[in-house]
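In numbering that gives the first Met the number 0, the protein residues as written are 0 to 382.
Hints may contain errors.
With a straight-line Cα cutoff of 27 Å, these simulated BS3-like cross-link-like pairs (lysine-lysine) come out [what the hints assert, rightly or not]:
(1) Lys57 - Lys13
(2) Lys131 - Lys281
(3) Lys359 - Lys281
(4) Lys359 - Lys348
(5) Lys100 - Lys57
(6) Lys57 - Lys204
(7) Lys100 - Lys178
(8) Lys131 - Lys178
(9) Lys100 - Lys359
(10) Lys13 - Lys348
No wet-lab data here; the hints were simulated from the structure.
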Amino acid sequence: MYAYMGHIRYEDLKPYPDGYWRSRGIALRQDQAESIETGPDGREFLSLSSGESLAFDKLIIATGSRPNRFGWPGEYARGVQGLYSMQDVNALENSTNNIQKAVIVGGGLIGIELAEMLRSREIDVTFLVREKSYLDFLLPEEESTMVGSHIGEFGIDFRFGTELVSIDVDDGGAVCGVKTSDGQVIPTDFVGLTAGVSPNISFAKACGVETARGVLVDSSFQTSRPGVFAIGDCAEFRTALPDGRTIEQLWYSGRRHGQALGRFLAGDQGQYEPGIFFNSAKFFELEYQTYGRIDAHLDIEFGTVVATSDSPRRLLRIQYVRTTRAVVGFNVLGIRLRHEVCERWIRDKVAVERVIENLKEAGFDPEFASRLRMTADMISEED
């Protein structure tokens, strides 16, 4: 998003200089894998779309995700797309050149990033969100309200409780409007489909590798085909992880997958340990971090402690187990906390009272920033 917005150059998106890979004995090939084949000698190889083949001893499938489409009429029109890959960003450059209006469908994190990208070029944005408030299936009410209010200040036209019905297409095959569930017709030059993503399993499935929602793997990332592994967004664990997830679709988890599989292939024994859940995002100028378990709607097992500030907008939420008082998760808006401290508190099941007393240890705000201090009159506790 920051390359599109002009904050960095597109060439700066490369993780390393071009010569890095060769110097480490890594060969890069820009091609497309079509199938897995077995040669007369019993060795396996990839058949590539260029007509060449590539023999392998171990194969790692890391095909990621693809934006969801739900069969909306017009969803493949010109000017309709998701936002996942570099190719999507290139298409976005072409589709949004000199346009005035855009509609975004789906109120997740990718949708907000896309909205900020479009607003940076002064494109009017209408946001169709089926929930009653922003991310109310993920965020508790205070966070959802705070984030929605903040985003609205940047000229985003939120349409809560509204779903896409169809996309209108002009005679040239380009998008020209959308119809919504409340009967409205919204003229637009562009539609961003950001209603989540799904594992990209088409290659694995075509090769006879067992799949469900994702490419099925064990705790060492081994698929149903010997010597073939899967990691990242496309992988689905046969046995749920400790937090109940079977698919991890975050940058942080993708990195951990790669590190773990690298160790396994180098001979280390063991199985993948996901660690404490973490994610971060930025809603325009409002930073967000979440650690461990935070429920949008509490059940009887958990309580939560919340401190908020309106000017500037800041929020700190701590969720804990009612019976033991052990902390299980943190939400922060407009505040930065030290990752290793929050993770340690959750892992060690530190009592919520002790965490509040030692919050200064987790502070990681920029220099000269005023800190949110949790005092008795700021704290609301829900059981």
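Structure-based check of each hint:
no.	hint	in the structure
1	Lys57 - Lys13	holds (25 Å)
2	Lys131 - Lys281	holds (21 Å)
3	Lys359 - Lys281	holds (23 Å)
4	Lys359 - Lys348	holds (18 Å)
5	Lys100 - Lys57	violated (48 Å)
6	Lys57 - Lys204	holds (18 Å)
7	Lys100 - Lys178	holds (15 Å)
8	Lys131 - Lys178	holds (19 Å)
9	Lys100 - Lys359	violated (45 Å)
10	Lys13 - Lys348	violated (40 Å)
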